[in-house]
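Take a look at the letters that make up each chain.
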Amino acid sequence: MIGAPGTIPYLQLLDERGQPTGPLPPFATDPAQLQAMYRVMVLARLFDAKAVNLQRTGRLGTYPSCLGHEATHVGVGAALRAEDAIFPVYREIGTKFWRGVSPLEILLFWGGDERGSDYAQSRHDFPFCVPIGSQLPHAAGAALAFQLRREPRCALAYIGDGGTSQGAFYEAINFAGARALPMVTVVVNNGWAISVPVSAQTRAETLAHKALAAGIPGVQVDGNDLLAVRHVVEGALARARAGAGPTLIEALTYRLSDHTTADDASRYRPAAEVDAARAKEPMVRTRKYMESIGAWDEAREQALRSECSLQVEEAVAAYLRSAPPGTDAMFDYVYAELPPALGGQRAQARRYPGTGKH
Amino acid sequence: MAQLTMVEAIQLAQAHEMARDPGVVVLGEDVGVNGGVFRATAGLQQRFGPDRVIDTPLAEGLIAGAAVGMSAMGMKPVVEIQFMGFIYPAFDQIASHIARLRNRTRGRLSCPLVMRMPHGGGIHAPEHHSESLETLLCHHPGLRVLCPSSPARAYGLLLAAIRSPDPVMFLEPVRLYRMSRQEVADDGESLPIEGCYRLRAGTDVTIACWGAITVEVQKAAQLLAAENISCEVIDLASLAPVDYETLVDSVVRTGRLVIAHEAARNCGLGAEIAATVSEHALYDLQAPVRRVTGYDTIMPLYRLENAYLPGVERIADTVRSVMSE
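Just so you know, the protein sequences line up as chains E and C, in that order. For the first sequence, the numbering used here assigns the number 1 to the initial residue and increments by one for each residue that follows. For the second sequence, the numbering used here assigns the number 1001 to the initial residue and increments by one for each residue that follows.
Source of the hints: derived by calculation from the structure; they are not laboratory data. Everything numeric in this text was worked out from a predicted model, so none of it was measured. Beta carbons: idealized from backbone N, C-alpha and C, even for Gly. The reader is advised that the hints may include incorrect statements.
Claimed, not checked - Quick partial rundown of chain E residues pointing at chain C, CB under 7 Å, derived from the structure:
| no. | residue |
| --- | --- |
| 1 | S117 |
| 2 | A142 |
| 3 | R278 |
| 4 | E281 |
| 5 | V284 |
| 6 | P339 |
| 7 | A341 |
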């Protein structure tokens, strides 16, 4: 082909004041579905604040806050089917909660215990992935497995704005395009990769443009708009499930927090920018919309907050009283069976158990 | 039984497992229509179809990473990396995910995959096509690293690798691909995944080696027999984990150890073997442990590769040196 147009659609269903911008999909007027999604958003936000507090008081390791990402994470979660598989980065608490991962499991992981990635629910989902972008090929491989076995399942990969600079990102969406794999990639563009703004990552007009070279659709969505995120992701998943191939979705949101508890974003980020972003954050907008259709009120809000706070407090209590993993845990999952050559080291480790403290 | 080269045995083992297990999928660069640049997947796509033998884009990191996702979702990818010198782009996946997924999920997910790759030099190949990088893989807990030294062992060990619940890096000595033929029964019998092979029994000195250099080591042993030096040649076959029990037993009997490998000496697997054997058998040793290895230089282009790779004379001289201690 010589010359080709490239356009990137953008979807917003709720504006910043929670007003619909046009016709809404059916789920968006179903109070039960809205309440279910909003519940997980509130749980994620309360959990997040608690986790930051635990870190600040020396009871949790470094923790990456999800503050401001709740609509994207829960909208994606709600669009998925249980049998789909997710390949997250490490901030997608809302999606994990939606898929049945418990607050205790998340705390265990950031509290330095691999048991936190041994989810009781959604056992085929991948755990958090720290090496940036390296989870994208996993999603492509899972999507290939689903395609080869003719299973109506999709792989959904998350990646951040910084992650789209990684080779693994291009390699994976390129492969997904070449084979029309049932894979949906959600680029969570929160503006910052630690201290580096998107403008320093790329000259691409949008991150969704990166889909065009892979020959797959690239779309943008307001990542603070729960309804739009769910709608766009549902559409992409339906397309993938029908054999029409992958989609790249750029969700535009903002990291209202530091990168992690080890970061101080005030060193590199203007306060005015953060204030402006805070005015667009997703919780208030979702709540206002629900109130406007009679699906929510202050009494329900208070009840939900109490319920979620209790759930978080119970998880924190269970986390704080969790016994440290025994030293055998270092050895017992390296191979399917412990090789004889490692037996001596395992025995030695038992004699030097460490403190295992939080 | 058929007389097969090693590369034919490798092709046969893959075909056997593909017929036995519908989850086995071969993927890599040029493995499909072309049958692999060394022909190790020849005929597989014709027989099993393009959904079982997949030509991937030219991206080793993607291939390794996709194999992670496939294996975690219950398939058995058998990946070909075209040459070991091209493994570096895949290394993030190997080290960060393939080796670790089982551990980091407490066994919830794992990567039972095989990555096959041509290993070593000696075939006048271009730059980056002759590397011996096993030590990079052996350093990563969670990986199994195998290196066969004959067609029959290639067949049996590859079956073991494909059936293993652990990720297996399968290093194929390019120099042996077509060096000789051997009777290989397509009987589906795998070999133990973790065990040394005694290629020659002896009483004076143990020579530990693996891969293509087993050929030169055995020639050296034959040469030395004429000088009344009796060499026991041990083929490690499993480079990680190592069957130290068999190796140490041998050294305790012979009292001497020489380790021969193609890879550079510094931090090579030979260093680890020397240290471990010393920990277990120092007082049984009658001479220092010696290594005969590639030099701590860049693997040269091929005009010098025979100078770089330890040959029969260099190996024999090293053995003579420990005999004269």
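Comparing the hints with the structure gives:
| no. | hint | verdict |
| --- | --- | --- |
| 1 | S117 | holds, 5 Å |
| 2 | A142 | holds, 4 Å |
| 3 | R278 | violated, 35 Å |
| 4 | E281 | violated, 32 Å |
| 5 | V284 | violated, 37 Å |
| 6 | P339 | holds, 4 Å |
| 7 | A341 | holds, 4 Å |
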